[in-house]
Amino acid sequence: MKTEDLLDRLSLNDSWPERWSPSITLPLAAATAGALALILSVALLTPRVDLIAALGGKDHAVLVKFAFALSVVAAAFPIVRNLTAPGRTIGLMSLIVLLPFVVATLLALRELVALPADELRRLTADSSWLSCLWQIPALGFPAFVILALCARRLAPTNLARAGAYIGLMAGGIGALGYALHCHDDSILFVAIAYTLAIGEMSLFGSFLGPRFLRWS
Amino acid sequence: MSRGWPARLRDNAQSERIFVETVIRCNRRAHLSDLVEDFPVTSLCGSEIVRSSKEAHLKQLFVSGLDGDRLAYRAFLQDLTELMRGYVRRKLGRVGCGDGDIEDIVQDVMIAIHERRHTYRREVPVTAWAHAIARYKLIDFFRATTTARRHLPLEAAANCIGDDATRIEVAFIVRRLLATLPERFRKPIELTRLHGLSVTEAAKATGMSEAAVKVNIHRGIKSLSRLIGGSR
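Taken in order, these protein sequences are the chains called X and B.
Count the first sequence with our numbering and you get residues 17 to 232, in order.
Count the second sequence with our numbering and you get residues 51 to 282, in order.
In case anyone wonders, no lab produced these hints; they're calculated from the structure.
The beta-carbon is built from N, C-alpha and C at its ideal position, and this holds for glycine as well.
Certain hints may be false.
To be verified - Computed beta-carbon distance windows for the label pairs: (1) B:S248 <-> X:L108: 17 to 25 Å; (2) B:G143 <-> X:S37: 32 to 40 Å; (3) X:F223 <-> B:I161: 26 to 34 Å.
What the hints assert, rightly or not - Pairs of lysine-lysine, DSBU-like flavour, derived with a Cα cap of 35 Å: (4) B:K264 <-> B:K254; (5) B:K272 <-> B:K254; (6) B:K104 <-> X:K18; (7) B:K254 <-> X:K18.
Unchecked claim - Sample of chain B residues at the chain X side, in silico, Cβ under 8 Å: (8) K109; (9) S114; (10) T131; (11) E153; (12) R166; (13) R172; (14) W179; (15) R185; (16) F222.
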């Protein structure tokens, strides 16, 4: 086909893909993904029995976990938005995503210093390390699929990077769901296990991105 | 990068294949890195175009087009095509793609731009937005061709070269270039590419190990690239 004819046809075809307006698509996808992760967590993992009591506890451990997960999601969100709109740069803004991890690490260090040695030994011995490392990604995976399907409707141009940040966001959403179930109240645990699990998701996203996010 | 070369090639077409593959291989690396490298949008503003008057002009047409002015949109597509054609040609010209290929990609780019126009945010320069999409499409094209070219039918490889006179010339040049290679590179290439032996058979014939045959083919093609002048 000649290019001129193509342009004529394009300019006459004005079906507007309004439904996929970026300013609606991504927030909607994030909300759906978050709701799904919470539902899955309640249905499959069952929330911890003392959830309400722990929420009111004096060290606010559950709140810290929620805040951590939410801040990961919130920090990744604007970057995902920019990566799915061609021509936007992210530059130094991407450093924001490190902030929750830095804060968690600092809090964990403070805890580590204060913690007596035998308490620390107990923590390393009977914690839910392993279950955390696979349950967060498991809860995050549906979130990743939802976010990626929506991102494809937009126009990501750097697929690996977009995948990584979508993975990060999905990891945060998974952590949010997992926090309902997680009965380990140490910030040290959150800083290490949650970070690893979310990093896992991000890495996974960067591998899947080039295949999964491809659009034409 | 896998080395899934087809085993059987005959006659002049084989030499053409080697030539095409060599040219593509030696250019491709440089080009892909050019493209894939994540340049900031601001760097587009240098040689890449985007004199601000042009940007303003395109933006005005595009925005009125998005608001429903069909004529403005048509004019926008027209002007942008020109810009995209220049961009694609700069990126692909050196790989030896014909005008047909370039026009195909330009059309792909324009379709993508049209279909993703809802992702345009008005605070972003139109040209930066369009270039990002064009770059994505180009990378897509490279990714597709790097795998597809290996399974390219011989006729298609031949079409890349052009008329008969050039083909004979290319065959001649490739043979002469091959002759300058050291024996250990030349033999495996000749056996597998020109005589259609498999790697195993070539290994038996030369007394090298299979791994050595593969490595030498790879090195030989690389030397050929250097001889043709594509290496950086």
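Q) Hint by hint, which ones does this structure get wrong, listed from lowest number up? A) 1, 7, 8, 9, 13 and 16
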